[in-house]
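Enquirer: Start from chain A and add chain B according to the hints.
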Amino acid sequence: MNEFNSRITAQRKILEVVNSSEWDEELFSLASKAIDRWLASNRIDRKSSIAIIVRELGAKLFFLANKSQEQITDDYRSISTELGNLTSQLEKSISIHNLHADSIDLK
Amino acid sequence: MKNHIYAFGSVCRGEVTLGSDVDLLACIEEGDDRFSNELYSIYTYDRIIQLWEQGNPFAWHLALESRLIFSFDGNDYIKEIGMPKSYDLGKQDCEKFYALFRDSYDALINDSNSKVFNLSSIFLSIRNAATCYSLSIGDPVFSRQSALMIDTPAPLSAATYDLLEKSRILATRGIGNKVSQSELDHIIVELATVFNWMEKIIGKVK
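Protein chains in written order, with the working numbering: chain A, 18 to 124; chain B, 41 to 246.
Isolated chain A (complex conformation) (with noise of 0.2 Å):
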């Protein structure tokens, strides 16, 4: 697979992830408008840890998320590496935030 759609791919199995939690509203993208939307839509803490790895993954992916003139340019530096290690970081705090939803349901 090209690395344009490789990138697509990484962020789609990204969001996935994000998604597979339940939330008033769906993280659309990982372009910083529509994570500003989704944090205020879930009134999610800007400094909590789920926030800072989506945004941080955002960023790594800045050219597929935010913008679409030069998409097919293939102009992007490998991050792969780098995408990997954060999404299983995303994981474990998407885990903990939905063990911390169960907990309260409990109640």
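Be aware that a few hints might be false.
[As the list claims (entries may be wrong)] Partial list, derived from the structure: chain A residues whose beta carbon lies under 8 Å from chain B:
1) Phe-21
2) Ile-25
3) Ala-27
4) Phe-45
If you're looking for bench data, these hints aren't it; they were derived computationally from the structure.
Beta carbons are placed, not taken as given, at the ideal position from N, Cα and C, and that holds for glycine.
Expert: Structure of chain B alone, referenced to chain A:
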């Protein structure tokens, strides 16, 4: 420092809507960190020359549609470097966007939890395939509506195309509302016809 600033994209075509933004290009020298990549597409002069030598679609887009806003020396840099080399990767690029369409369509119909993102990626794949096709046949269309404007238009209704475009705006700018389930059901039926269209335009590209 040496720099040139251009507008490009929808604002230069007069395709202004509530959801559209203003695309700005900053041509800079290496090490100039004054420009925010949230506001500008930032390219060094060396990279611009590379894109021109590759005949890259973005280079053609800039050469044909960008408008100078500021020049440190009064000259129009993009006009001065002339037209990019011929675009030879039309088939390869269209196949790339067809693969993106297939992946996004599969994710959409297989109960994805990220429907807006997949609709947005579908819009991107259809629009960019159409633009690359149009450029490769020598009749470039860079509009967001390119897939409906080329000589072999996508078999989508204006309403469905509009919903796909709105999903793109929602995903990239966080503006707007999600499509409803009934709209989604209708979109999925229409999207099934896009496979044949993609294969048709790929077949027409040299």
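Enquirer: Does each hint fit the structure? Answer for all of them.
Expert: Here's how the hints hold up against the structure:
{"no.": "1", "hint": "Phe-21", "verdict": "holds, 6 Å"}
{"no.": "2", "hint": "Ile-25", "verdict": "holds, 6 Å"}
{"no.": "3", "hint": "Ala-27", "verdict": "violated, 12 Å"}
{"no.": "4", "hint": "Phe-45", "verdict": "holds, 4 Å"}
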